[in-house]
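Colleague: If you want the building blocks of each chain, they are given just below.
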Amino acid sequence: MFRKFHPCFDVLALSVANPEGEEIMTPPDRSGRRSNVSLEERALNIRRKALRMGEIQGQGYIGQALGIADVLAATYFHALEYRPDDPEWEGRDRFLLSIGHYAIALYAALMEAGVLPEEEIETYGMDDSRMPMSGMASYTPGMEITGGSLGHGLGIAVGMAMGLRRKGNPALVYNLMSDGELGEGSTWEAVMSAVQWKLDNLICIVDFNNQQADGPTRDALAVAAEPPKWEAFGWHAQEVDGNDMDAVVAALDAARALAEPKPRVIICNTTMCKGVDFLERREITHFVRVEPDEWSKALAVLEEGKPQ
Amino acid sequence: MTLASMARKYEARKAPERKVATSAMIASLAAEGYDTVAAPFGHALVEAAKTDDRIVGLSADLSKYTDLHVFADAMPERFYQMGMAEQLLMSVAAGMARERFLPFATTYAVFAARRAYDFIAMAIAEENLPVKIVCALPGLTTGYGPSHQATEDLAIFRGLPNMTLIDPCDAVDVAGMVPAMVAHEGPVYARLLRGKVPSVLTRHRPDYRFELGRAQVIREGGDVLVISSGIMTMRALDAAEKLAGDRIDVAVLHVPTIKPLDVETILAESQAGGRLVVTAENHTVNGGLGEAVARELLTAGVASRFRMIALPDEFLEAGALPTLHEMYGLSVDRVAAQIKSWL
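Sequence lines, in order, name chains A and B.
The first sequence runs 1 to 308 under this note's numbering.
The second sequence runs 1001 to 1343 under this note's numbering.
Source of the hints: derived by calculation from the structure; they are not laboratory data.
Note that the coordinates shown come from a computational prediction; the quantities given were computed from them, not determined experimentally.
We put the beta carbon where it would ideally sit given N, CA and C, even for glycine.
Treat each hint with caution, since some may be false.
[As the list claims (entries may be wrong)] Pulled a few chain B residues facing chain A out of the computed Cβ check, cut under 8 Å: (1) 1085; (2) 1123; (3) 1155; (4) 1156.
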């Protein structure tokens, strides 16, 4: 009952060919991303908002949100093409959150980007909110898919990339997934398919924080180094420090500029709870425990470390 | 392995005097005395796609065995061979539907219902995306054993919100369900009959046309009302002709749409004339048409005498299909005998 109107229903009757005139046929002008707000400040704002949401609920996947904030800042304020006031604009780059529990981070980024109204931050995870704890397409503007059942995002991304190509739409598909999803067989079905169909409009970002529900990912299935695996399948692979803004930006630029007809993956090694030292030092688990009085303390730590 | 066959695993066998080969997966369903139509699904999809640019076809290495090869041959640029990867098949179909295409995804019913279920549930059904899942070898239509016999597919998908379920009887239903699936906005799971598919319903009722969501009386009769879907409507009609020789008057209500169920028609027919009500389905006794009808009758307080013809709650044997249909009660003779025994 609380859901937003589904984008598919009103357009089914339309022809898929060129639904918005010629506009989508021209490569997007990315110069509009220029802003006097630095990417570091964007990342800080994403962390602030995520902590605020955690404080409101008294819980949340804050370790992941703080870890991925730099990647989201670089993605939303450097790489992605979108219209904040028209989240379903046909020419937008598609950003898929395969990891539904990272929704707290994406909501923060979408608020920072002006897609979601910041006034609704207090509703996070509450009844009737447009921001449920696990991300769902039918609840939230800017949320392209329902993630959460892990191992789904990359396959859907392959289908969307094939669909965009079929329409002659030059938009890119980004899929953000976690290292834990590297254990899902469906991920590798999609990895093979993306190569089979030469999907050069697909960029997969893997948040490698080496933490899944029961412990370190490296102790489970993702034992071998990632880039050689992906390269062996035929992907263009990069591995970067996901908390190094310049490195992330450079990797996104390289992935976007690549001329070869192959899909691209960026393995982003991130640190859980990045930016809040006392949480970084805490015994890291999938669901980092934060005491009620620590949210404001964490915010204060962030402010101390903010970029000048 | 089934319990019965396991118990006899070490018993040596001799070749039977009468040879009945195991039905190959590609074999068409035999129905004596009916004309057949070749690949009705594939041809109907080509027709639909001629006037609807959104339609694309995808298969997970089973286009030949789901008649999708007819579409692939006619419109190769709209056919996607996804490889032997059913989770991918459903995810990609969901992704293409998100981009406003209308994907028909085909595989065997066992692989959709069992292997790809989570992807159908979350990527397709939860999002109410217009993906049309069309699956061959429904219920007991192959002699290959449980790995290929989708005896519980309808039970699995009936639990999934937003899904529309179709269990066609014959070539008329299969051809008719395609435009209906295109016109329907949400996700659909359709059981498929492929190869040379018999034309049954129009012989019994020349004006019959498939209508999504509608149950239709194919044959009138005063003693028994059979409420059936899929190939069991074919069996029920043949059994009714047989029972007519014994002066038993059997009506057949064909219910090709399992969900949503045409409750109004089912209740009206079940209330009329104090007939024995028998459901007949090519599906396990659990969670299919029979239980769905039973719920509606009980809820509405329709105190009909009620019996179910369905497959047992077992992993079924391998063998020749006619043998298996006889063994598990889906043959015309067994259907007729069961109905007679309940009168």
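Colleague: With chain A as the partner, please determine if residue 1085/B meets the hint condition of a C-beta pair closer than 8 Å.
Modeller: With a closest approach of 4 Å, the residue 1085/B hint holds.
Colleague: At a threshold of 8 Å, is the proposed contact between residue 1156/B and chain A supported by beta-carbon distances?
Modeller: violated, 16 Å
Colleague: Can you verify the interface hint for residue 1155/B: is its Cβ closer than 8 Å to any Cβ in chain A?
Modeller: Violated: closest Cβ of chain A sits about 21 Å from residue 1155/B, beyond 8 Å.
Colleague: Restraint: residue 1123/B near chain A, CB-CB cut 8 Å. Satisfied or not?
Modeller: holds, 6 Å
This entry does not satisfy hints 3 and 4, going by the numbered hints stated previously.
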